[in-house]
Amino acid sequence: KDVKDVVDFAMSEYGKLDIMFNNAGIPGTSIPSIMDTDQTQFDEVIRVNLIGPFLGTKHAARVMVPAHQGSIITTASVCAILGGAGPYPYTTSKHGVLGLLRNAAVELGRHGIRVNCISPYVIPTPLTKKVLNVEKDEEFDVKFFSNIK
Numbered sequence: 110k111d112v113k114d115v116v117d118f119a120m121s122e123y124g125k126l127d128i129m130f131n132n133a134g135i136p137g138t139s140i141p142s143i144m145d146t147d148q149t150q151f152d153e154v155i156r157v158n159l160i161g162p163f164l165g166t167k168h169a170a171r172v173m174v175p176a177h178q179g180s181i182i183t184t185a186s187v188c189a190i191l192g193g194a195g196p197y198p199y200t201t202s203k204h205g206v207l208g209l210l211r212n213a214a215v216e217l218g219r220h221g222i223r224v225n226c227i228s229p230y231v232i233p234t235p236l237t238k239k240v241l242n243v244e245k246d247e248e249f250d251v252k253f254f255s256n257i258k
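If you want the working numbering, it's the 1-based position in the sequence shown plus 109.
If you are wondering where the hints come from, they were derived from the structure by calculation, not from laboratory data.
Careful: at least some of the hints might be erroneous.
[Unchecked claim] Within a straight-line C-alpha distance of at most 20 angstroms, the following computed EDC-like cross-link-like pairs (lysine to aspartate or glutamate) qualify:
{"#": "1", "residue 1": "K110", "residue 2": "E153"}
{"#": "2", "residue 1": "K167", "residue 2": "D111"}
{"#": "3", "residue 1": "K167", "residue 2": "D117"}
{"#": "4", "residue 1": "K167", "residue 2": "E216"}
{"#": "5", "residue 1": "K167", "residue 2": "D114"}
{"#": "6", "residue 1": "K239", "residue 2": "D127"}
{"#": "7", "residue 1": "K125", "residue 2": "D111"}
{"#": "8", "residue 1": "K113", "residue 2": "D127"}
{"#": "9", "residue 1": "K167", "residue 2": "D127"}
{"#": "10", "residue 1": "K110", "residue 2": "E122"}
{"#": "11", "residue 1": "K110", "residue 2": "D152"}
{"#": "12", "residue 1": "K125", "residue 2": "D114"}
{"#": "13", "residue 1": "K239", "residue 2": "D147"}
Can you make the complete structure from the sequences, with help from the hints?
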């Protein structure tokens, strides 16, 4: 309901929606084993990382299709294309995002709407440092984790 309300607000305030950027995400657990992964946390990560972009894409499409234009961008992750790069809930959610957007790109492209997915490698954010168990006072070596300069 929140996503629908935000899109409806944008339409009432500005008369159109040009861009939807689905960028919310949580890492969930850092537990590497499927045997130790908790279903409640798995469900939460799927809800935020996959259902969130689904709803953002759905409600953006609802108002972009009649306008025959728009751009929907969603942040996925390198985990969308690699196995073993992250914990099960996160990796599963990002694989799902990639599938969702591939489907949406085919459907919505017919209506002049661009659908793109950004899949960055590791970005040294406080959340990433926490998931990777990097101590606060340690230097985060970007070169070790990615090719970002």
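Which numbered hints turn out to be false for this structure?
The structure breaks only hint 6.
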